[in-house]
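Trainee: Using the sequences and the hints given, assemble the complete structure.
Protein chains: 4
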Amino acid sequence: MSDQSTTLADLRGVVRSFVDERDWRQFHSPKNLSMSLAIEAAELMEHFQWIDAAESRSVANDPQKLGAVREEIADVLCYLLALANELELDLTAAVRDKMVKNATKYPADLSRGRADPPT
Amino acid sequence: MSDQSTTLADLRGVVRSFVDERDWRQFHSPKNLSMSLAIEAAELMEHFQWIDAAESRSVANDPQKLGAVREEIADVLCYLLALANELELDLTAAVRDKMVKNATKYPADLSRGRADPPT
Amino acid sequence: MSDQSTTLADLRGVVRSFVDERDWRQFHSPKNLSMSLAIEAAELMEHFQWIDAAESRSVANDPQKLGAVREEIADVLCYLLALANELELDLTAAVRDKMVKNATKYPADLSRGRADPPT
Amino acid sequence: MSDQSTTLADLRGVVRSFVDERDWRQFHSPKNLSMSLAIEAAELMEHFQWIDAAESRSVANDPQKLGAVREEIADVLCYLLALANELELDLTAAVRDKMVKNATKYPADLSRGRADPPT
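Protein chains in written order, with this note's numbering: chain A, 382 to 500; chain B, 382 to 500; chain C, 382 to 500; chain D, 382 to 500.
One should not assume that every hint holds.
It does not matter which identical chain is meant; a pair holds if it fits inside one copy or across any two.
[As the list claims (entries may be wrong)] Cut-off 25 angstroms, straight-line C-alpha distance, at most; resulting in silico cross-link-like pairs (PhoX-like, lysine-lysine):
hint : residue 1 : residue 2
1    : Lys479    : Lys446
2    : Lys486    : Lys446
3    : Lys482    : Lys446
Simulated from the structure, these hints should not be mistaken for laboratory data.
Mentor: Here it is, written out as structure tokens:
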């Protein structure tokens, strides 16, 4: 199984089964899951806390560090999928709609190479 | 396009195109993207800051609030996909591997209905 | 030494000495310190992740849990003081100015018992 | 009033009055306040999201940017003081105790110029 062959629905199903087998939906209010997401995002950030941008890019070539980062990324994604499950939101549609909105806020020709919205 | 028919690779491609069209990879160090993830996770959390668990569940039935939450969820996912793109990580494999690890830490029979790992 | 007799400047001095003795200012860019603050805030939040508001209040009466929470609060404060040191900001003035602004946004009579700004 | 002449207790009193005048203690469970802290920390971080360490240091010399950062720092501190008020924790003692612990984890002579704990 890889990103090439796995749908968002497949991955949501994996998380749903894990949660259901443990009767954890009772803890999975959107409030709690939003905290979980932020907590895991902070744990991910911790790996990049004291290093600069260039060093953080080189993590891609350090199997041990990359393995640790990969686990945090998985944690963030699992909670995001759990939240989508609770709110019954289609993530693909949410991303596509947001991209349309972002394309208006950041027109490609005016945003090339600048992080802030054009003024 | 929906979660049913969209692969993780498809969605990663959408984000990759958006980033490339704006020449934004220069900003997308893993350090910066981990900050972005945490910032968007906090914006999501803001919607649930002062309400309790039950109220946060009822957001699913409030189209206006759900719409706002859906946008924040899309933002978190976009940055997560951008980070996976930068680090060239397969998210499906990362989630599956983490699930195996979690299943050991939280055995289904010992973890039913309890949020903390069994001791 | 207690909050009754300790000035903000005193406490800032404690943090400054600790940092200087380790030659850590080189790591203490505002960017990095803002990440540190967010990371420690998330570690604090972790203690309240799966419990409801009432249970989180009862932490005040649980010496062991309170001790753990107290350490995270200290971490957040230390990084905040370190950041004020780096930016040479007077925290007392910053809080007082923000309170004036907040008092306009949340007039006492219109904000009594409601978390959101009056509309 | 400045950090030189203001005690932690003074500043806690300012926050306590503001909260009491609005009858906001009902919202100020430690759970909610920990979320607030993390949210404000993220808003602070947002100012440093796309810039590098050196640029983030130069914010100290940019009155407009510094003003915005100063407000976020005040927000973080206000929520931290509100949390200390709710849990009836002495912040000065908490910081001093944590510093003793940190001094053991990061001995000055072994930690000079390195961000990670010595191994």
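Trainee: Work down the list of hints and note, for each, if the structure agrees.
Mentor: Structure-based check of each hint:
1. For the homomeric pair Lys479 and Lys446, the shortest alpha-carbon distance between copies (15 angstroms) is at most 25 angstroms, but the shortest distance inside one copy (32 angstroms) is not.
2. In this homomeric assembly, Lys486 and Lys446 come within 25 angstroms of each other (Cα to Cα) only across copies, at 21 angstroms, whereas the closest approach inside a single copy is 35 angstroms.
3. With identical chains, the CA atoms of Lys482 and Lys446 are at most 25 angstroms apart between copies only, with a shortest distance of 17 angstroms across copies and 35 angstroms within one.
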